[in-house]
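**Student:** Take a look at the letters that make up each chain.
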Amino acid sequence: MSTTIFEKGRSGRRGYRLPENDCPAEGLELPVQRTGPVGIPEIGEQEAVRHYMELASKNYHIEKGIYPLGSCTMKYNPVVNEEIARLEGFAGLHPAQREADVQGALELMYGLERSLSEICGMHSFTLQPAAGAHGELAGMMIARDYFRNRGEERDTVIVPDSAHGTNPASVVLCGFKPQTIVSDERGLVDLDDLAAHLSDRTAVLMLTLPNTLGLFERDIDRIVGMVHEAGGLIYMDGANMNALLGIVRPGEIGIDIMHVNLHKTFSTPHGGGGPGAGPVGVSENLADFLPVPRVICEDGRFALSYKSEKTIGRVHPYYGNFNVFVKAYAYIRTLGARGLREVSENAILNANYLMSLIQESYHVAFPGPCMHEFVASAANLKKHGVRTVDVAKRLLDYGLHAPTVYFPLIVDEALMIEPVETESKETLDHFAGVMNRIAAEAKEDPKLLHEAPRNTPVRRLDEATAARTPDICWLD
Amino acid sequence: MVPEECQFTKEHEWVFVEEGNVAVIGISDYAASELGDIVYIELPEVGSHVKQMDPIGTIEAVKTVADIFSPVSGEIVAVNTDAVSAPEIVNKDPYEDGWFVKIKMNDPGELDVLFDHSEYTEFLGEQEAADADEDDMEEEEE
Chain D
1 MSTTIFEKGR SGRRGYRLPE NDCPAEGLEL PVQRTGPVGI PEIGEQEAVR HYMELASKNY
61 HIEKGIYPLG SCTMKYNPVV NEEIARLEGF AGLHPAQREA DVQGALELMY GLERSLSEIC
121 GMHSFTLQPA AGAHGELAGM MIARDYFRNR GEERDTVIVP DSAHGTNPAS VVLCGFKPQT
181 IVSDERGLVD LDDLAAHLSD RTAVLMLTLP NTLGLFERDI DRIVGMVHEA GGLIYMDGAN
241 MNALLGIVRP GEIGIDIMHV NLHKTFSTPH GGGGPGAGPV GVSENLADFL PVPRVICEDG
301 RFALSYKSEK TIGRVHPYYG NFNVFVKAYA YIRTLGARGL REVSENAILN ANYLMSLIQE
361 SYHVAFPGPC MHEFVASAAN LKKHGVRTVD VAKRLLDYGL HAPTVYFPLI VDEALMIEPV
421 ETESKETLDH FAGVMNRIAA EAKEDPKLLH EAPRNTPVRR LDEATAARTP DICWLD
Chain C
1 MVPEECQFTK EHEWVFVEEG NVAVIGISDY AASELGDIVY IELPEVGSHV KQMDPIGTIE
61 AVKTVADIFS PVSGEIVAVN TDAVSAPEIV NKDPYEDGWF VKIKMNDPGE LDVLFDHSEY
121 TEFLGEQEAA DADEDDMEEE EE
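Chains as they are written, first to last, in this note's numbering: chain D, 1 to 476; chain C, 1 to 142.
The shape of chain D in the complex, shown without the other chains (with noise of 0.2 Å):
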């Protein structure tokens, strides 16, 4: 294990000068003013370089290896994202300066709105949220106020259980009632479980699209005018949208809401745990009810505009993320609609080559061809005494990441693998042969897996006791 920045410092150690203090000593009294020195680590520069380099060659990441995190599309990050980003015309910016001096911020936002409005066929979108989940908040209060603006009393939505884990959440937070519908043999909505949960109190059908086992909803057209003839919304989780750039533009399709992860789909980092973007896209009815304030345009000059008598308000303190708004748009301009196009294309054909290299080894759980990723099981080696986090930690070993584990929760011994589309073919054949060799390996000598992972800074962790009686804390 490493020592901590703290463990490493030594009293008096300095690594840096601050300039005289020229503001006169103001106001703060007991019990708000500090009466001790501010617990920072006392650590010379050096050290301090030390210290983050050797974190970041243990840390795992985009730039070191395949990172095939199932719906979490882990694709590389490129570098002329981030020098847009630092130019300092932008990285300099305070979200308060006046609107004439930040023109040329408030056309980049309209323009990214536009684009993604563009890219998904929907009306309008809000680019506030900070993460897929939040746009799902925004997205269930816009749904939520549409209905109450309406007279109607809908306090269901119904989501089914090949959805990310997030929407039922979303869905409780925002005080509706999530119901679950079940898939059929073909890892796709039933039908008939969905027509028995439809009724006036439906407000939303909340749809992972494609799903979480890869798969593109066959009968979306009977899906969305059964949930329209109920009188209810639409809404798409698109954390998925990596499959449909430039191939399906889901307003078209009569999706009502949607939001698209800039941190995924658009190649911005994941960057441990933030900042992300999660934009909302509305069809033309709801518009109004998008967070305020909207870019507008007018005569060619940018403005922020407070004037909606229906929005759901502000779910973000100023704009949204603005750094990765302006990584998004650099790479929506970048590759253009045709390249976007490419990007899916070659996203499915990655997603489907690694499966047909691995599926003699693992069941896969639904064959035939998947969108942007697919899900296999390990269930065939528990007859070894295998698991899949075993499988999982024995990737570790040969220095790859391991895929999403466990997740969907409806395919026994879940590995839900996402190559995206910046890996190249010799990347992906690798990848499905220490996948293979693996399988292998599980016949022959169990104990290798149930040991690993061997190679890593830290053995397997005890993830039970973990949860069960957390320490959170590095010093007694």
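The hints are simulated quantities; they were obtained by calculation from the structure and are not laboratory data.
Here a beta-carbon is modelled for each residue, glycine too, at the ideal position from N, C-alpha and C.
Any given hint could be a false lead.
[Unchecked claim] Residues of chain C placed beyond 10 Å of chain D at every Cβ, according to the derived structure:
#, residue
1, 22
2, 54
3, 107
4, 112
[What the hints assert, rightly or not] As a list, the in silico DSBU-like pairs of lysine-lysine whose alpha-carbon atoms are at most 30 Å apart:
#, chain 1, residue 1, chain 2, residue 2
5, D, 443, C, 92
6, D, 383, C, 10
7, D, 8, D, 58
8, C, 92, C, 102
9, C, 102, D, 177
10, C, 63, D, 177
11, D, 177, C, 104
12, D, 177, C, 10
13, C, 63, D, 443
14, D, 382, C, 10
15, D, 64, D, 425
16, C, 51, C, 10
17, C, 63, D, 382
18, C, 92, D, 383
19, C, 51, D, 177
20, D, 447, D, 64
21, C, 63, D, 58
22, C, 63, D, 383
23, D, 447, C, 92
24, C, 104, C, 10
Given the structure of chain D, go ahead and fit chain C onto it with the hints provided.
**Tutor:** Showing chain C alone in chain D's frame:
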């Protein structure tokens, strides 16, 4: 509770009937081992009324979450707070210390739809056989 004297649901819960039409509910050792290390259990309040197959609680394991479905209708008359504070006892001893709730049954006739122990064993056997079939197919492909 002796497994042979319990009845079972397809959701791998067991029911043992005590005197006075009180049903004790837990999960089978098969369910406990499939879930893996259980880290959190949420159970209903004493005094709440439940219907057969209502979700009445949640079991959270390291990598998965499962609902607890009530095998019978009635009133919750006791919950096992020991299992809530130390969920590992469900993994260690699912039939004795690891029970979940006791339900005063409205209609003992509801028990008729449940498996007895030998039927449950057969049910588990069928599931494993289904897995084995898939394995055979796979080996043929190889």
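**Student:** Against this structure, judge whether each hint is valid.
**Tutor:** For each hint, the structure was consulted:
1. 22: Residue 22 of chain C clear of chain D: closest Cβ-Cβ about 30 Å, beyond 10 Å.
2. 54: Correct as stated: the minimum Cβ-Cβ distance to chain D is 14 Å, above 10 Å.
3. 107: 25 Å, holds
4. 112: 26 Å, holds
5. D/443 - C/92: Distance of about 28 Å is within 30 Å: holds.
6. D/383 - C/10: Since the Cα atoms of residue 383 of chain D and residue 10 of chain C sit roughly 22 Å apart, the hinted pair holds (cutoff 30 Å).
7. D/8 - D/58: 17 Å, holds
8. C/92 - C/102: 20 Å, holds
9. C/102 - D/177: Judged against 30 Å, a Cα distance of about 28 Å means the pair holds.
10. C/63 - D/177: Judged against 30 Å, a Cα distance of about 25 Å means the pair holds.
11. D/177 - C/104: 28 Å, holds
12. D/177 - C/10: The hint holds at about 26 Å.
13. C/63 - D/443: 24 Å, holds
14. D/382 - C/10: 21 Å, holds
15. D/64 - D/425: Within the cut-off at roughly 17 Å; holds.
16. C/51 - C/10: Between residue 51 of chain C and residue 10 of chain C the Cα gap is close to 17 Å, so the pair holds against 30 Å.
17. C/63 - D/382: Distance ~16 Å between residue 63 of chain C and residue 382 of chain D Cα, so the pair holds.
18. C/92 - D/383: 22 Å, holds
19. C/51 - D/177: 19 Å, holds
20. D/447 - D/64: 28 Å, holds
21. C/63 - D/58: 25 Å, holds
22. C/63 - D/383: Roughly 20 Å between the alpha carbons, so the hint for residue 63 of chain C and residue 383 of chain D holds.
23. D/447 - C/92: 23 Å, holds
24. C/104 - C/10: Within the cut-off at roughly 21 Å; holds.
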